[in-house]
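Visitor: Residues per chain are reported as follows:
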Amino acid sequence: MKCGLCEKNAVFGNPAYCKEHFCGYIEKKVLGTIEKYNLIEKGQKVAVAASGGKDSLSVLYILNKYGYGVTALAIDEGISGYRDRTLATLKKICGAHKIKLRIVSFKGKFSKSLDEILFTNRERPCTVCGVFRRYLLNLHARDYDVLATGHNMDDEAQVTLMNLIKNNLSAMQRMGPSAGVVSSEKFTRRVKPLYFCTEKEIMTYAFINKLTADFNECPNVSRAFRLRVRDMLNEIEQEVPGAKKNLIEWSLKSKTGMKTGEEGLRECRACGELSSADVCMACRYMEKISV
Amino acid sequence: MDVFIDKDNREMKIEFTGDVKGLLEKLKINPETVIVVRDDELLTDDVVLKNNDKIKVLSVISGG
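Protein chains in written order, with the working numbering: chain A, 1 to 291; chain B, 1 to 64.
Next comes chain A alone, as it looks inside the complex (with noise of 0.2 angstroms):
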């Protein structure tokens, strides 16, 4: 197959285009989504929530290569053999674009690592890890006027539709390219600038610009629902080519103006962050296993 622009071989079949097409695609792909969506502004503090996977360490590259300030943001829970390897590549990545590198750890914030945690307490891992990087990311972002995510068109297609099937019309309202409590000096806005690129793309396009690292699990991932629609959803796409597209286009109509969940939003009694309730899930998850 030929690039539909030029006449070099394609790298990508839909869009089909060669390297140099298919990454001006999607870098126009994304700063067009910054601007349609007011994301973010030239001159602002850009934080970027970076794991060291494919798609925190596109969305750095593409903002760095176009001017914004960026400083990746990541945190390291303290699971061994996955985040030490992750934080191994983007601390090389950063390092050859020069971009600022912040590392923040639940062993420095909260006295163990998530390993240690898990240990001595039988919590389910994905929630108080989810819990507690939150808390963190909310602390740090602080200091930035925006905070960027890697969330791309798979995973917002994969919340809608477990929102769907949830019938959670709320959580729809908090959804989009621009999400979260707008309304509040502790909370630092997050953008997400591959709201419009699939996995696929995203993919390809790390892969084109040497910005992946060896496949690499979470040895605690254990979202049998989520992993269950992600697979449905693969497998629509091929009988219906378009159908992520269309849920998050149809995501982004569904935002009525409704009760966003966050009204009832206030200051936790123990450690004065954002909180649905007068303690903080952080501080009672902190109090539950003795952090």
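Quick caveat, the hints were computed from the structure, so don't treat them as lab data. Accuracy of the hints is not assured; some may be wrong.
A short, non-exhaustive set of chain A residues, derived as facing chain B with CB atoms under 10 angstroms [claimed, not checked]:
1) Lys19
2) Glu20
3) His21
4) Asn38
5) Lys54
6) Asp55
7) Leu118
8) Phe119
9) Asn121
10) Glu199
11) Ile208
12) Glu235
13) Glu237
Beta carbons are placed, not taken as given, at the ideal position from N, Cα and C, and that holds for glycine.
Use these hints to put chain B onto chain A, whose structure you have.
Guide: Below, chain B alone, put in the same frame as chain A:
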């Protein structure tokens, strides 16, 4: 043909002639979930493979 599937960290030798699309069908892998590489070059579904090719099938799915 030597095929490496990174998701399973599995290397295998198979007899195959045909295109990338056919190879993925034979391996029962959804093309939406992988990119296929030969000699560090990305291959589209229509590229015809030779039986002595060394192919890498790389998962596009994030690691959690």
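Visitor: None of the hints should be skipped; say for each whether it holds.
Guide: A quick look at each hint next to the structure:
no.	hint	verdict
1	Lys19	holds, 8 angstroms
2	Glu20	violated, 13 angstroms
3	His21	violated, 13 angstroms
4	Asn38	violated, 27 angstroms
5	Lys54	holds, 7 angstroms
6	Asp55	holds, 6 angstroms
7	Leu118	violated, 15 angstroms
8	Phe119	violated, 19 angstroms
9	Asn121	violated, 20 angstroms
10	Glu199	holds, 5 angstroms
11	Ile208	holds, 7 angstroms
12	Glu235	holds, 7 angstroms
13	Glu237	holds, 5 angstroms
When the structure is compared with the earlier hints, violations turn up for hints 2, 3, 4, 7, 8 and 9 and for no others.
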